[in-house]
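Novice: Could you build all of it, start to finish, from the sequences and the hints given here?
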Amino acid sequence: MSKWHLPPDRFFDPDPAQRRVARRLYDTVADLPLICPHGHVDPRLLADEEATFGSPAELFIIPDHYVFRMLYSQGVPLAALGVPAGSGEPDHRKIWQTFAEHFYLFRGTPTGIWLAQELRDVFGIEEKLTGATAQAIYDELEEKLARPEFRPRALFARFRVEVLCTTDFATDTLEHHRAIRRSGWDGDVRPTFRPDDVIHLLRPGWRERIKRLGELTGIEVTSYRTFIRALEARRAFFREMGALATDSDGTVLTTLELSESEADGIIRRALRGRATEADAARFFGHMLLELARMSIEDGLVMQVHFGSFRNHNQPLFDRFGPDMGCDIPFRAEFTRNLRPLLNKYGNDPRLTLVVYTLDESTYTRELAPLAGHYPALKLGGPWWFHDSLNGMRRYFDRVIETAGLYNTVGFNDDTRAFPSIPARHDVWRRAGCNWLAGLVVRGVVDEEDATEMAFDLAYGLAKRTFLAKRQAIRVGKRRF
Amino acid sequence: MSKWHLPPDRFFDPDPAQRRVARRLYDTVADLPLICPHGHVDPRLLADEEATFGSPAELFIIPDHYVFRMLYSQGVPLAALGVPAGSGEPDHRKIWQTFAEHFYLFRGTPTGIWLAQELRDVFGIEEKLTGATAQAIYDELEEKLARPEFRPRALFARFRVEVLCTTDFATDTLEHHRAIRRSGWDGDVRPTFRPDDVIHLLRPGWRERIKRLGELTGIEVTSYRTFIRALEARRAFFREMGALATDSDGTVLTTLELSESEADGIIRRALRGRATEADAARFFGHMLLELARMSIEDGLVMQVHFGSFRNHNQPLFDRFGPDMGCDIPFRAEFTRNLRPLLNKYGNDPRLTLVVYTLDESTYTRELAPLAGHYPALKLGGPWWFHDSLNGMRRYFDRVIETAGLYNTVGFNDDTRAFPSIPARHDVWRRAGCNWLAGLVVRGVVDEEDATEMAFDLAYGLAKRTFLAKRQAIRVGKRRF
Amino acid sequence: MSKWHLPPDRFFDPDPAQRRVARRLYDTVADLPLICPHGHVDPRLLADEEATFGSPAELFIIPDHYVFRMLYSQGVPLAALGVPAGSGEPDHRKIWQTFAEHFYLFRGTPTGIWLAQELRDVFGIEEKLTGATAQAIYDELEEKLARPEFRPRALFARFRVEVLCTTDFATDTLEHHRAIRRSGWDGDVRPTFRPDDVIHLLRPGWRERIKRLGELTGIEVTSYRTFIRALEARRAFFREMGALATDSDGTVLTTLELSESEADGIIRRALRGRATEADAARFFGHMLLELARMSIEDGLVMQVHFGSFRNHNQPLFDRFGPDMGCDIPFRAEFTRNLRPLLNKYGNDPRLTLVVYTLDESTYTRELAPLAGHYPALKLGGPWWFHDSLNGMRRYFDRVIETAGLYNTVGFNDDTRAFPSIPARHDVWRRAGCNWLAGLVVRGVVDEEDATEMAFDLAYGLAKRTFLAKRQAIRVGKRRF
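As you go down the protein sequences, you meet chains A, B and C in turn. For the first sequence, numbering that gives the first Met the number 0 begins at 0 and goes up steadily by one. For the second sequence, numbering that gives the first Met the number 0 begins at 0 and goes up steadily by one. For the third sequence, numbering that gives the first Met the number 0 begins at 0 and goes up steadily by one.
Since the hints were made in silico from the structure, they are not lab data. One thing to keep in mind: the hints can contain errors.
Which bits of chain B does chain C cover? Going by a derived footprint, with three or more residues having C-beta under 8 angstroms, they are [to be verified]:
| id | segment |
| --- | --- |
| 1 | 28 to 34 |
| 2 | 225 to 232 |
| 3 | 309 to 315 |
| 4 | 378 to 387 |
C-beta: ideal position from N, C-alpha, C; glycine also.
Specialist: Quick look at the structure:
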């Protein structure tokens, strides 16, 4: 039986000179704490000391559309994988067996790397997962998942997570975050304010959510003014609950400024169920400016990500709903579309606007030049499909020469798969150190600078952006 | 006089560790048979045992727009190269001399690599082609081309071509394919069904071809129904003649579904010579859905390639016609444009839809995520201008992490230059093994997996996609 | 105190085999003369033997929007950097201190590389620039800048500049160029004809400039005919003053041919202050064809660059004017947009049309295939944001396989920072030799070819394109 192939110098270039430098740099950052600025871990897992991950299939397969999409693409029915949760194949051992027999599909993919590293380093599984080893590995995982040291809170500590930010809608009650705070546990878990649920006027259920927003804030939304006031009240609540940032998602990116009367007219139409697609698009573009204004006022970092066609596979969406692995990127444009926002607020250093993209052709052409000019704009790390060795390499190669390292914000795992978090950060740290080692052996930077840059990539940039805008950062003896 | 520079470890990275692994992997695949899923070799060459390639200029220069476009771009008149065939310079030695004097233009290009490898490995020419060596090399080539062992059928066997698929219009009679079959020769040559000639309503001569389609099938085309029936009849004939796949080309990609009455209205207008550009575009978009439906029914693999502005150079087209080296790519969009087709048929694992692109910005952004989700969709190999060392490297780096290797289909040489086929596949195999060796020395996959992946890239993926959808594959002792 | 990290083999790959070849190639080109086909050096600096560069802040910071934009992006106010010239912080030592304290922002950027190389190799500063070393370095620079051997003309000779072409509007008087010629100095400084000032009908002040054009040429512009005649007269004057080329810039690229009556109607409307945006766009597209025609007639090389949104930051532009580091690229399209021009003049080998782009996604998709076909079209070097190690690597990797090396034109520094010129060319030469060495060790070209290609990249291509279209080139013993 073969063992996992995870050599200690993995992901470094084979050239011995570069590898030596990469290793030295990596040794300085490998054990730094993890900052997770926004992601999708269910806070319920951490709200209760006794919470567990469930079966191996529930942990690794059923909720993870990165994983099951690949088997689906090769003709494995979703039902055979127990997807969506609670339907399909009831025998989790069978699901695991199917997964194991198709594990070769993940060769050369980031998912394959994360899974191997999780299984070996988190769960101590040394054998490669195949059809032949599937059941023995299931046994071992099942036994370990029942132990206290494999509960979410235990892993949180073991992973050295310094802060974990979830993603929460404006109308979320944050009850699990409350429970975490009340429990006296010292893990730092925070919400992120994602007002998509109330800002996208045509999303199903919008009026019910607006009503709920009124109940939660005590401000009945009947006009643009009351909408803004309710939103600001909700932000204030999120800040009280520890939020560091907001996050917004939109299919089509435009930013524009409406007059108050136009905005008021649109929201009143929406409240009567009469908003048009054009209304919704214009309102969203306007609200991005408003979110920037609010961020200047309350200090929350503003994050936006654009350019994914959600639920592209309509028949699958009709049967199973969202998050079935078929959100597909398309072309993005930032130079013209961000201009109204940047012209209004981009020169204000109190604003930190972090932009993520799925369209890498915008790295050199639009985002790096913009981030290399506007004081407010920072470029988010390689995101989603680009959270991979080659995605990171392209990011470093295309972004830094024009934007500079210090207009980026480090890494964001953005994951719902909690036990994969250390593997994801480890890939980023290794990729970053290898990139820097490449600069050192080519004489672009010296190792002294590279060592500082490695720290910044692994920890400092995220820390400064989200947690410590105006203070010095200390980790052990280092000061940032 | 200098010799060709074709070292045995060419195209591998210089790092000794990576090179050793690349060599080991390459040794396992270098001699595998060649699968050529669609290309433009003239079947006439193989229909007659006595057929020859003609003069060196007729073999290497006159028919190959890859070659003559480069000299043209540097101011060499097409007439000096005997282009188009049968016109211009009558002295093939003079053409060869001009070519040789400009051979330095191909430095660092795939054409330069293929030509060097062909001349050395197929024809035994050791000296580099220059103005000084041109005539001696011409002598040697002329002498060899006259020998039986350099006839097309002899090379077919020597090259270990397992199957060669040509490209043939719906109204082609496949007479040369018939002749090949009747001749008793054991070479496996098959047609590919390319119905562009009858589906693009505004291409010159469409009505004559529709009449011809009626004659060939015995189904007079007077309506949408009869058009579809005639097309299906023609597909059945191609299948009888061994076809494995279809191929479609279009400038603008859209897919959409028409009602039968709208489709019928369009084709009736076209039959009266009254179809508009919008009609033709909508009809083509609709026919892509119909071709998918037919492929589900008859099992032919469906191939599409989009995004080339054909005959961009109008004055040249007006004088000399098509294929003058001026088909120029432009921007492509798949996420929105393929959606109607994928929503209707993309979840059906009986369909294999292979998409080729000339717009590499769509690799990570659109095609890899789509291929990594829809069971029917596969991503074709790096095509046309990207059939090159860097094109392949970019393909591996951008596609596999998201799509996985098993949503790709291996290599397609797509060439009309028959003697270049082994060189093209060899470049692919070397590039693939070097990429895999890079993964091995970086600890992304182990050598056991890489060895299987090398086989898949070189042979297995193409074999399974086009020839053996549901059977096991054996090559020598290996089983796939 | 740390020293600059500029090892002799910098920018070469770490692999010892590749590095040895790169070094050998580099040694053959490192000292070749510099050809600067168009840039923005102020000719006043060279018009007077006694001219100096001013203070270190005036040389390195205040006029260079590459430099100050990076500090601005991190919240440093422009006023603290004395920007725009003559305003803000009056103490140049304080400006220098601020710059030095933020010098870490340039880690891994081309600006950082150029500055390090300038400071060490031009000015003999061995220590890295930091807050701690800032004042001592200022002292040393100030002292050196006062010496005769650091005056512009002395550096011109020391840098081995063979020819330096500036960029000058059609209505410029070229008085400094005249002064250079009259002075008897042997430096070869030439103007480049950039008629943007009179061709873009809606740019502020257009009517005044048209009047000026009439005065300068003695041809009053009252119609399309007189406009063309005045423009031709001005070109003739630039040619007398030594111009080798024209240059055109436009936000939106279209090329099209107007009838003379339409062109005449547009210009008459413009003269009455009534031209529309559509008029201006169509007129500019038409004038690109006219510029091509004129280039065929008078032999000036035609350069165009497109795709930058000038002065993106409106509030900054309103306060400070242009060139504040906020020209931001956006998507470009060449296949369709250049077609009218290429169809009319692209087959004429007397025309040399050099296209530069900021949208790298057009390299493989559009520009390389176009340059690999049309005799008139050449692809300019990696430009502006892409004048960097990775920008050059991407250029070589994406362009040459399809276009061939000989449809490119070498390097253009395009800078206003005169003392950075040798560093910029040195980066290009090192990057080029390293790329070629990569081809050699991979067996793509042999070292004999690579040596010629290195010469061509460093010198020959630019020489032939701009200076010696029809003659042989000799440098020392080499002949091109």
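Novice: Now tell me if each hint is right for this structure.
Specialist: Hint check:
1. 28 to 34: violated (count 0)
2. 225 to 232: violated (count 0)
3. 309 to 315: holds (count 5)
4. 378 to 387: Three-residue rule met by the segment 378 to 387 of chain B, so holds; n is 3.
Going down the numbered hints, you'll see the structure goes against 1 and 2, while the others check out.
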